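Peer 1: Residue numbers (the numbering used here), protein chains in the order written: chain S, 1 to 274; chain B, 1 to 289; chain D, 1 to 426.
These are computed hints drawn from the structure, not numbers from a lab. Please read all numbers here as calculations on a predicted model, not as lab measurements. Incorrect hints may appear among the rest.
[Unchecked claim] Here are some chain D residues pointing at chain S (derived, C-beta under 8 Å): (1) G256; (2) N279; (3) P316; (4) E419; (5) R420; (6) L422.
We put the beta carbon where it would ideally sit given N, CA and C, even for glycine.
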Amino acid sequence: MSQAGSQSAAGIVDTVAAWLLAILWILPLLYAVWTAFHPSEYSAKFTLLAPLTLENFERAWQAAPFARYFLNTTLLVTLILCSQLVLCTLAAYAFVRYEFRGKNVLFALVLVQLMIMPDILLVENYKTMSKLGLIDTLFGIGLPYFASAFAIFLLRQTFKSIPKELVEAATMEGASSMQILWRVYVPLAKPVYVAFALVSVSYHWNNFLWPLVVTNSVNSRPLTVGLQVFASTDQGIDWSIITAATLLTAAPLLLAFLLFQRQFVQSFMRAGIK
Amino acid sequence: MNAGRQAHAYLMLLPALALLVAFTHYPAVATLVDSFMSTPKPNRPSVFVGLENYASMIDDPIFWQALRNNLWFALATIPLSVGLALAMALWVNGKMMGRGLLRMAYFTPTVLPMIAVANIWLFFYTPSYGLLEQVGGFFGLPSHNWLGDKSTALASITAVAVWKEAGFFMIFYLAALQGISPSLREAAAIEGAGRWFFFRRVLWPLLMPTTIFVLVNAVINAFRMVDHVVVMTRGGPDNATSLLLYHLYEVGFKFWDQGYAAAITVVLLGTLAAVALVQFFVLDKKAHY
Amino acid sequence: MKFHIATIGAALAVTLVAQANAQVTEVPFYFPVAVGGPITKLIDQFATDFNKDNPTIKVAPIYAGSYQDTIVKALTAHKAGTPPVASVLLSTDTFTLIDEDAIVPIDTFVKSADDKAWLGGFYKAFLQNGQIGGKTWGVPFQRSTVVLYWNKEAFKEAGLDPSKAPQTWSEMTSMSQKLTKKDAAGKVTQYGVQIPSSGFPYWLFQGLTTENDVILANDAGNQTRFDDPKVIEALQYWVDLSKKHGVHPSGVVEWGTTPKDFMEKKVAMIWTTTGNLTNIRSNAKFDFGVAMLPQGKKRGSPTGGGNFFIFKKATPAQQEAAFKFAKWLTQPERAAQWGIETGYVAVSPAAWDTPALKKYASEYPPASVARDQLQYAVAELSTHDNQRVTKALNDGLQAALTGSKTPEAAMKDAQREAERLLRSYK
Numbered sequence: 001m002s003q004a005g006s007q008s009a010a011g012i013v014d015t016v017a018a019w020l021l022a023i024l025w026i027l028p029l030l031y032a033v034w035t036a037f038h039p040s041e042y043s044a045k046f047t048l049l050a051p052l053t054l055e056n057f058e059r060a061w062q063a064a065p066f067a068r069y070f071l072n073t074t075l076l077v078t079l080i081l082c083s084q085l086v087l088c089t090l091a092a093y094a095f096v097r098y099e100f101r102g103k104n105v106l107f108a109l110v111l112v113q114l115m116i117m118p119d120i121l122l123v124e125n126y127k128t129m130s131k132l133g134l135i136d137t138l139f140g141i142g143l144p145y146f147a148s149a150f151a152i153f154l155l156r157q158t159f160k161s162i163p164k165e166l167v168e169a170a171t172m173e174g175a176s177s178m179q180i181l182w183r184v185y186v187p188l189a190k191p192v193y194v195a196f197a198l199v200s201v202s203y204h205w206n207n208f209l210w211p212l213v214v215t216n217s218v219n220s221r222p223l224t225v226g227l228q229v230f231a232s233t234d235q236g237i238d239w240s241i242i243t244a245a246t247l248l249t250a251a252p253l254l255l256a257f258l259l260f261q262r263q264f265v266q267s268f269m270r271a272g273i274k
Numbered sequence: 001m002n003a004g005r006q007a008h009a010y011l012m013l014l015p016a017l018a019l020l021v022a023f024t025h026y027p028a029v030a031t032l033v034d035s036f037m038s039t040p041k042p043n044r045p046s047v048f049v050g051l052e053n054y055a056s057m058i059d060d061p062i063f064w065q066a067l068r069n070n071l072w073f074a075l076a077t078i079p080l081s082v083g084l085a086l087a088m089a090l091w092v093n094g095k096m097m098g099r100g101l102l103r104m105a106y107f108t109p110t111v112l113p114m115i116a117v118a119n120i121w122l123f124f125y126t127p128s129y130g131l132l133e134q135v136g137g138f139f140g141l142p143s144h145n146w147l148g149d150k151s152t153a154l155a156s157i158t159a160v161a162v163w164k165e166a167g168f169f170m171i172f173y174l175a176a177l178q179g180i181s182p183s184l185r186e187a188a189a190i191e192g193a194g195r196w197f198f199f200r201r202v203l204w205p206l207l208m209p210t211t212i213f214v215l216v217n218a219v220i221n222a223f224r225m226v227d228h229v230v231v232m233t234r235g236g237p238d239n240a241t242s243l244l245l246y247h248l249y250e251v252g253f254k255f256w257d258q259g260y261a262a263a264i265t266v267v268l269l270g271t272l273a274a275v276a277l278v279q280f281f282v283l284d285k286k287a288h289y
Numbered sequence: 001m002k003f004h005i006a007t008i009g010a011a012l013a014v015t016l017v018a019q020a021n022a023q024v025t026e027v028p029f030y031f032p033v034a035v036g037g038p039i040t041k042l043i044d045q046f047a048t049d050f051n052k053d054n055p056t057i058k059v060a061p062i063y064a065g066s067y068q069d070t071i072v073k074a075l076t077a078h079k080a081g082t083p084p085v086a087s088v089l090l091s092t093d094t095f096t097l098i099d100e101d102a103i104v105p106i107d108t109f110v111k112s113a114d115d116k117a118w119l120g121g122f123y124k125a126f127l128q129n130g131q132i133g134g135k136t137w138g139v140p141f142q143r144s145t146v147v148l149y150w151n152k153e154a155f156k157e158a159g160l161d162p163s164k165a166p167q168t169w170s171e172m173t174s175m176s177q178k179l180t181k182k183d184a185a186g187k188v189t190q191y192g193v194q195i196p197s198s199g200f201p202y203w204l205f206q207g208l209t210t211e212n213d214v215i216l217a218n219d220a221g222n223q224t225r226f227d228d229p230k231v232i233e234a235l236q237y238w239v240d241l242s243k244k245h246g247v248h249p250s251g252v253v254e255w256g257t258t259p260k261d262f263m264e265k266k267v268a269m270i271w272t273t274t275g276n277l278t279n280i281r282s283n284a285k286f287d288f289g290v291a292m293l294p295q296g297k298k299r300g301s302p303t304g305g306g307n308f309f310i311f312k313k314a315t316p317a318q319q320e321a322a323f324k325f326a327k328w329l330t331q332p333e334r335a336a337q338w339g340i341e342t343g344y345v346a347v348s349p350a351a352w353d354t355p356a357l358k359k360y361a362s363e364y365p366p367a368s369v370a371r372d373q374l375q376y377a378v379a380e381l382s383t384h385d386n387q388r389v390t391k392a393l394n395d396g397l398q399a400a401l402t403g404s405k406t407p408e409a410a411m412k413d414a415q416r417e418a419e420r421l422l423r424s425y426k
């Protein structure tokens with residue numbers, strides 16, 4: 001009896017702690033919603049009767065070319081994700097299905113990027129980009145990330161776990177190496193692809209320092225850099241506009257997560273990311 | 001194995017490897033070379049200067065401060081974000097009321113751009129009328145200038161980083177927990193094992209690979225997260241929140257001192273390489289994949 | 001027949017357009033958006049109007065972020081070999097731009113008597129920062145000074161005359177003491193005065209040092225005087241406002257939140273740029289005033305803001321086009337319009353003589369405070385290796401304000417660091 005009592009007491013403590021933490025975690029979002037939908041004099045006052053308004057969104061939308069930024073970011077994450085999927089699938093497949101000289105050394109070279117992300121090498125990479133004439137282009141922002149060691153590593157792990165019998169069956173049917181990749185490996189690795197896509201998209205949607213360095217103009221600037229330019233504090237901070245802009249910026253990812261959170265978690269689960 | 005197959009394999013590897021070499025290996029080596037060269041100026045081309053850049057690094061109090069800050073930042077963010085992530089995952093994985101909402105709440109920081117939420121956190125920390133102040137004032141706490149005081153600025157920045165990261169790591173723990181058979185818990189319950197005992201003896205070892213994966217990511221992030229510093233403090237007050245990558249950004253893109261920036265980059269690379277080696281030789285042996 | 005004419009017309013138009021295209025000189029123009037939305041619209045409007053007046057030139061404004069972001073962009077692009085043709089940058093970066101061999105003197109293009117009259121027409125205080133070694137390197141454009149904003153309601157509540165701002169340092173202290181309000185628990189609910197100290201504290205500090213009759217650096221930009229007793233004294237005054245008198249928030253005060261602090265009535269007086277006038281005017285829910293900074297030994301304020309620079313790596317045709325644009329932008333009517341819509345100080349006496357600005361100034365007297373202060377203004381701190389030298393001073397100021405160093409130790413350290421950095425420029 002006392003055992004059960006202490007257990008449920010622990011359960012209550014747990015529940016309270018979990019909810020407190022959740023409130024703390026969601027607080028910035030709540031604040032953003034509050035401030036974005038109220039006139040600016042309420043950005044630091046929280047009264048129930050404050051009038052609602054959409055004016056902040058209107059002002060934010062007009063104050064910066066957000067439509068262009070959205071387009072840039074969307075193109076950028078799509079470009080990066082597609083290149084990553086194609087290039088890393090091929091590389092991982094080569095590591096799993098082929099024997100060749102220097103395989104272990106090459107794989108070790110790939111793993112180096114797990115530790116040394118391109119972010120840290122921004123000075124040298126900037127020089128390279130300017131030699132290639134890719135400064136201030138979407139291609140230039142994305143290029144250093146096209147090959148992802150993380151993706152190669154993940155896919156290699158997944159491909160390795162695919163049962164030999166399936167591959168042998170396909171070979172018996174006369175499928176070529178590429179056909180086997182396409183018909184056997186890729187479909188079976190789908191959860192891993194989804195999980196990786198989530199990581200990649202949320203990372204590049206929110207990446208800041210490298211795009212800040214390589215972009216100069218509205219033509220290539222992604223949302224994050226646009227937001228920073230827009231929120232620069234030389235003139236004082238206007239939280240109403242900033243929160244409205246923040247919500248605009250984060251809305252696609254936030255909505256996607258709300259709609260697909262079950263699938264996301266399940267993808268991670270099945271991907272068995274370790 | 002025949003030569004054709006080998007060629008085929010190299011061909012498939014080529015694009016990815018070429019890009020990796022161009023943007024990871026080559027710049028890493030070029031940085032090392034540059035760190036022994038002087039910064040080119042209009043009338044003074046770059047020349048070999050040996051260890052001069054490293055010498056000025058040792059003389060640079062801001063570098064030491066940034067390094068110290070970064071170590072504290074790492075020491076605080078890593079255990080806190082990983083510990084909280086585990087707690088979150090355990091809660092959300094249980095039969096708790098409204099766990100869908102909880103999961104969403106924990107995960108939102110991951111999808112919000114740091115550059116934007118940093119501005120919101122700036123409001124939370126603002127003295128006199130910021131959120132912390134309003135909540136603190138309600139409980140009769142004294143006013144405090146969180147970001148403007150050298151003793152609390154770094155901690156304030158750290159809290160933002162933990163907030164940003166924990167939910168992301170939670171996903172990995174959650175995935176791992178869902179892979180653990182519920183019958184284990186039932187068996188433990190029958191044997192009368194307490195919750196703590198079950199966690200320490202059963203769950204923790206099973207979660208070890210995930211913990212290591214998350215830890216390594218947390219370490220890398222501790223040296224990579226600077227967006228919030230750019231927005232909230234620009235390294236101030238008096239360099240109290242300057243982190244290595246931020247200092248590197250300043251030296252490289254504000255002072256245009258390439259030689260010195262290269263030397264700092266080498267230190268960062270060295271730190272990360274050390275982490276990698278520790279992971280390979282120490283942690284990998286403890287974790288059974 | 002009709003059809004024929006239309007075809008010929010179309011063909012003709014195509015040819016004309018093609019010809020025009022062949023001769024168009026592109027002028028990418030970096031501009032720091034320091035003031036938010038409306039500014040970009042105004043600049044776009046200026047560029048469009050200019051391009052219409054000059055069909056052979058195409059000025060393309062590029063909004064690059066804060067001043068800091070913009071100089072980083074411009075110089076990085078210069079190093080990469082693809083700089084903009086023109087840019088508005090902080091006047092303090094002139095030395096750096098010259099050292100990097102990035103810009104050409106404006107004098108190169110000043111040929112006619114009209115050009116000379118134009119260059120002579122600016123306020124001297126604004127030209128100072130751009131003139132080095134007998135040459136003029138930057139055209140004043142988006143310029144400001146530091147001014148004091150005060151909340152008239154708060155003054156009334158504190159029993160002070162709401163129409164009078166503090167005239168001297170001691171008056172500012174004593175008024176602040178009356179304006180500082182505490183609740184029952186002894187917590188300050190309204191501070192007397194606030195001088196922001198995040199980001200670029202040196203600029204506001206320069207108000208204090210100028211008033212204390214000391215200039216922070218020499219004209220050649222290779223010698224600083226951070227450890228001058230008068231500099232230390234000025235810093236002591238700033239530190240004492242919070243430490244000794246408790247009328248100023250403690251620690252480092254965020255620049256970005258300062259206007260909001262003022263509008264939220266958390267502080268009765270603030271020091272900030274004239275460029276904030278429009279923002280505060282449209283958002284403050286109370287009557288407020290704008291005044292010159294109070295005097296110490298004398299009056300004073302640094303000038304601030306941006307100059308228009310022309311880059312060296314551009315083609316001669318582009319440079320000429322940029323010069324034309326600079327001249328066009330600073331014509332009295334346009335300078336007046338710029339001042340009215342942004343709150344920045346119109347850059348020439350002629351602009352203040354335009355009917356539009358005269359009318360505005362008489363209807364809204366605070367707008368002319370910054371101009372009246374110009375006679376006491378000095379050039380903003382600018383040296384070789386400016387970013388680093390300024391950072392040394394900023395770090396010292398923040399160390400003193402957060403109490404980790406005494407003003408004297410902080411300024412001595414800053415001076416030592418500056419000496420080290422400037423050694424090679426002597």
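Peer 1: Give a verdict on every hint.
Peer 2: Results for each hint:
With a cut of 8 Å, the hint placing D/G256 at the interface with chain S holds, because the nearest CB-to-CB distance is about 3 Å. Given hint, D/N279 at the interface with chain S, holds; its Cβ is 6 Å from that chain's nearest Cβ, closer than 8 Å. Interface hint status for D/P316: violated, as the beta-carbon distance to the closest one in chain S is roughly 23 Å, over 8 Å. For the restraint placing D/E419 at the interface with chain S, the shortest Cβ-Cβ distance is roughly 28 Å, beyond the 8 Å limit, so the hint is violated.
With a least beta-carbon distance of about 23 Å to chain S, the hint placing D/R420 at the interface is violated under the 8 Å criterion. Below 8 Å, beta-carbon pairs count as interface contacts, and D/L422 has none with chain S, the closest being about 25 Å; its hint is therefore violated.
In this structure, the hints that do not hold are numbers 3, 4, 5, 6, in rising order.
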